[in-house]
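Novice: These protein sequence lines map, in sequence, to chains A and W. Each residue of the first sequence is one higher than the last, beginning at 10 in our numbering. Each residue of the second sequence is one higher than the last, beginning at 478 in our numbering.
Take the hints with a grain of salt, since some may be wrong.
What the hints assert, rightly or not - Pair by pair, the computed Cβ-Cβ distance ranges are:
hint, chain 1, residue 1, chain 2, residue 2, range
1, A, G12, W, R540, 37 to 47 Å
2, A, D47, W, A592, 20 to 30 Å
3, W, P518, A, T16, 14 to 24 Å
4, W, A493, A, A61, 42 to 52 Å
5, W, E487, A, Q66, 31 to 41 Å
6, W, P517, A, G62, 19 to 29 Å
7, A, R86, W, Q485, 32 to 42 Å
8, A, T95, W, A592, 18 to 28 Å
9, A, D35, W, G562, 40 to 50 Å
10, A, G62, W, Q491, 49 to 59 Å
The hints are simulated quantities; they were obtained by calculation from the structure and are not laboratory data. C-beta: ideal position from N, C-alpha, C; glycine also.
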Amino acid sequence: NAGVTQTPKFQVLKTGQSMTLQCAQDMNHEYMSWYRQDPGMGLRLIHYSVGAGITDQGEVPNGYNVSRSTTEDFPLRLLSAAPSQTSVYFCASSLRTGGGTGELFFGEGSRLTVL
Amino acid sequence: AQTVTQSQPEMSVQEAETVTLSCTYDTSESDYYLFWYKQPPSRQMILVIRQEAYKQQNATENRFSVNFQKAAKSFSLKISDSQLGDAAMYFCAYRDLNYGGATNKLIFGTGTLLAVQP
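Input sequences plus hints: build the corresponding full structure.
Specialist: Put into C-alpha cells, the structure is as follows:
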C-alpha cells in the first residue's frame, strides 16, 4: 500500500521557472491538501480539495495553482517561482471531508529551492 | 480564527526519562480534535496521538499520553521512558469537528524540537 506519494523529493529552480509537484494517493481518499513548512512557522495550508473537480484556497495560496481531475491525483503548480517559495511541501489526504477523525496521511515531502 | 501555540522551540531529555511538550490553542468551538504529529529527520509526518474534545479521558498510545485540559485549552504531550528514536520535531495540531463542513483543515503549531541525550 503506497499511501501518499509525492514527486519529486528535491528540486532546485531558478526565479521565474515553472514546475509541478505531483501528489497521488491510492487510498480512495476524498480530501487532499497541500501544505508548506517553513522554519518557525509550522505547516500552513496552501490549497485543498474535497473531491474531484472541487478545489479551494487555504491560508497561503498566492503563487500556486491546483486542480483535481481524478480522486487519486492533486498536483501543485508554481507558475513563476520566487525565492519566497523556497520551502518543504507536503501533500496530505484523508478519507472524507467533515466528520470522522480527520486524520491526515502525509506524503514524504518535497524540498524546493528557488534561486 | 483558531490558533495553536507551542511555546517551547526546543527541549532536551535524557534517555529513559520523561518529558512533557506543551501546546495551547484558542477556539470558540466546543467540539474539535487535537493531534500530536512527530517529524523525524526523515521529514515524514507521523501521527502520534489524537484526542477528541468531547472525551474527558486523556488519550494514551504506549509511552505517549496527553494531558487535555479543555477549560484551559491546553493539550500537552508526555513521553515516558524516552528513547533515542523519539528525537524529532513534534507538532501540535487542531481541527474543527466540522459536521457537514467543507474541510479537514489542520491548524499547526510551530513545533518543538526534541533532543534525546544518551
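Novice: Could you run down the list of hints and mark each one as holding or not?
Specialist: Taking the hints in turn, this is what the structure says about them:
1. Look at A:G12 against W:R540: about 24 Å separates their beta carbons, and that is not inside 37 to 47 Å.
2. Distance hint check: the CB atoms of A:D47 and W:A592 are about 21 Å apart, consistent with the given range 20 to 30 Å.
3. Between W:P518 and A:T16 the beta carbons are some 20 Å apart, a value that agrees with the proposed interval 14 to 24 Å.
4. Distance hint check for W:A493 and A:A61: the Cβ-Cβ separation is about 49 Å, which falls inside the suggested range of 42 to 52 Å.
5. With their beta carbons about 33 Å apart, W:E487 and A:Q66 fall inside the hinted range of 31 to 41 Å.
6. Take W:P517 and A:G62: their Cβ atoms lie about 36 Å apart, and the range 19 to 29 Å is violated.
7. Restraint check, A:R86 to W:Q485: a C-beta distance of roughly 36 Å satisfies the suggested window 32 to 42 Å.
8. For A:T95 and W:A592, the hinted distance range of 18 to 28 Å is satisfied, since their beta carbons lie about 26 Å from each other.
9. Range check, A:D35 to W:G562: Cβ separation about 28 Å, and the 40 to 50 Å hint is violated.
10. The hinted range of 49 to 59 Å is satisfied by A:G62 and W:Q491, whose Cβ atoms lie roughly 53 Å apart.
Comparing the model with each numbered hint stated earlier shows that hints 1, 6 and 9 do not hold.
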